[in-house]
Amino acid sequence: MTASERVPTDTAQPTGEDPPRTRPDEDTGVGADELARLRAEVSDLHARLDTRARRASALAAGRRATAAVLVVLTAFALVTSVVGVWAATTVLNTDRWVSTVAPLPRNPQIAAAVAEYTTTQVFQAVDVEQRLRSVLPAQAGFIAGPVSGQLRGVVRSTVTDVLQSDRFARIWAELNRRAHQRALAILNGESTVVIGRENRVEIDLLPLINQVLRELSTQLPTLFGRQIALPDLSSGAIPDNLRLRVQDALGVTLPENFARFTVYDSGQLWTAQQAVAAAKRNLVLAVIGAVVLLVLALVVSPRRRRSLLQLGLWLVVAAVAVTVVLRAVRNQLLLQVPDGVYREGVAETLTIVFALLRTRGVQIIVIGVVLASVMYLIGPGRGPTRLRRGLAAGLRAMARGVRTGARVAAAQGPGWAARHLDALRVGGVVVAAVLALLLSSWASLLLIVLTLAAFEVTVTVAARSDRARSRTPAPVPGIGPAGAH
937 MTASERVPTD
947 TAQPTGEDPP
957 RTRPDEDTGV
967 GADELARLRA
977 EVSDLHARLD
987 TRARRASALA
997 AGRRATAAVL
1007 VVLTAFALVT
1017 SVVGVWAATT
1027 VLNTDRWVST
1037 VAPLPRNPQI
1047 AAAVAEYTTT
1057 QVFQAVDVEQ
1067 RLRSVLPAQA
1077 GFIAGPVSGQ
1087 LRGVVRSTVT
1097 DVLQSDRFAR
1107 IWAELNRRAH
1117 QRALAILNGE
1127 STVVIGRENR
1137 VEIDLLPLIN
1147 QVLRELSTQL
1157 PTLFGRQIAL
1167 PDLSSGAIPD
1177 NLRLRVQDAL
1187 GVTLPENFAR
1197 FTVYDSGQLW
1207 TAQQAVAAAK
1217 RNLVLAVIGA
1227 VVLLVLALVV
1237 SPRRRRSLLQ
1247 LGLWLVVAAV
1257 AVTVVLRAVR
1267 NQLLLQVPDG
1277 VYREGVAETL
1287 TIVFALLRTR
1297 GVQIIVIGVV
1307 LASVMYLIGP
1317 GRGPTRLRRG
1327 LAAGLRAMAR
1337 GVRTGARVAA
1347 AQGPGWAARH
1357 LDALRVGGVV
1367 VAAVLALLLS
1377 SWASLLLIVL
1387 TLAAFEVTVT
1397 VAARSDRARS
1407 RTPAPVPGIG
1417 PAGAH
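All letters in the sequence shown, in the order written, are residues 937 to 1421 by this note's numbering.
It is worth saying that the hints were derived from the structure and are not from the lab.
All figures in this text were calculated on a predicted structure; none of them were measured in a lab.
Using N, Cα and C, we set each Cβ at its ideal position, and we do this for glycine too.
Incorrect hints may have been included.
[Unchecked claim] Pair ranges (Cβ atoms, derived):
1) 991 with 1232: 33 to 39 Å
2) 1165 with 1263: 47 to 53 Å
3) 1179 with 1038: 23 to 29 Å
4) 1393 with 1025: 46 to 52 Å
5) 1261 with 1338: 26 to 32 Å
6) 1056 with 1029: 31 to 37 Å
7) 1264 with 1377: 38 to 44 Å
8) 1263 with 988: 25 to 31 Å
9) 1383 with 1338: 21 to 27 Å
10) 1025 with 994: 44 to 50 Å
11) 1383 with 1340: 29 to 35 Å
Produce the complete structure using the sequences and hints provided.
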């Protein structure tokens, strides 16, 4: 082998220095292409990840927005459904309506308004002042006005007594039943004419005036100039020809609108009919829709706890908003009533009629506040976390206090009960007597008796156990149990 064919030995032996690195671009070109491809793949992966992240963020934002909208719709749908159910079960139900308005005549403000209206109608029918002038001498005609005023007070007092009597309660129920049935007939499109007037529902207070005239005929027989015979309506049966019989008894012709109190006169019969028909048709759909909206909101929402918290807040907002609308409607109705005793009576009537709906509104507000509070307290925020820790610490401290108190009571309670046994027994009887006076139902009385018996037995057993323990002789030191040596 020649010298030129021998491999140099310096290339095979390490010299202590790193060999020069070959750059990819100094190679055959494969390294540069591979690096470019890898860089392109990495860039593509970053782009895909960024696109996916943006899509996920946009999807989450869309779900949150959709859930928020559904929560708002759910809250207002639930509140509206409550109003619709109240209207269907009270306003559009004759039996419930009659039971709702049955106690109205016993309300002082309502009775005052009805008594004032009825007294005016009685004086209009009897024409008291003219009757007085006809029987008084010409020289005494000047006292007809003052005497008429005094008689007005007597008549008004009689009207109030009749209004608040048990006999008139049946008449009042029948009057409202008839008026409500006529109103439903109009709203359901079954009749467009009620008592000779379109778009109007009236309560005919002639039965009340009939009973008042009967009372006045007994109290002031000379007021009418002759004995009058009027039917007794205390059974609740109102004859159809009552107006003719009152006219014949008084010898007068009553005006067509005499003693008729309008309770419905909208002038928009078709609109009211359509509204009632739509309410009846859509009530069930509204209730079901509220439930469906709530389910959809919880399914779509990425944070259900947050959505439930929003639902609680929006329930409060919706209930307050509907309350404001109903109050505005109430104020508009009152503006159409003459100021004074009439407006006060109508205001009290609306308060009583809407009492159940107002209660439901308060319940919705309470439910909303409780729901929002609970969802907030179980959240991961700093405030809820601190509250939960404080609550847990308080509960643990309370548990320790209860255990300590129980041990002290077990150790010292029997002795204390034995020393104060008579006072405890008497105190238990006194407390039970006071509760029995405050709570008069049979269930509460039974519960009081059972609680008193348990208390008396407990303190007696505790006192006897302490006395038995005190009578047991203490062991003598140095002497063991019997038989031990």
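Hint check results:
no., hint, in the structure
1, 991 with 1232: 33 to 39 Å, "violated, 22 Å"
2, 1165 with 1263: 47 to 53 Å, "holds, 49 Å"
3, 1179 with 1038: 23 to 29 Å, "holds, 25 Å"
4, 1393 with 1025: 46 to 52 Å, "holds, 48 Å"
5, 1261 with 1338: 26 to 32 Å, "violated, 50 Å"
6, 1056 with 1029: 31 to 37 Å, "holds, 33 Å"
7, 1264 with 1377: 38 to 44 Å, "holds, 41 Å"
8, 1263 with 988: 25 to 31 Å, "violated, 52 Å"
9, 1383 with 1338: 21 to 27 Å, "holds, 25 Å"
10, 1025 with 994: 44 to 50 Å, "holds, 46 Å"
11, 1383 with 1340: 29 to 35 Å, "holds, 31 Å"
The structure does not agree with the numbered hints 1, 5, 8 stated previously, though it agrees with the rest.
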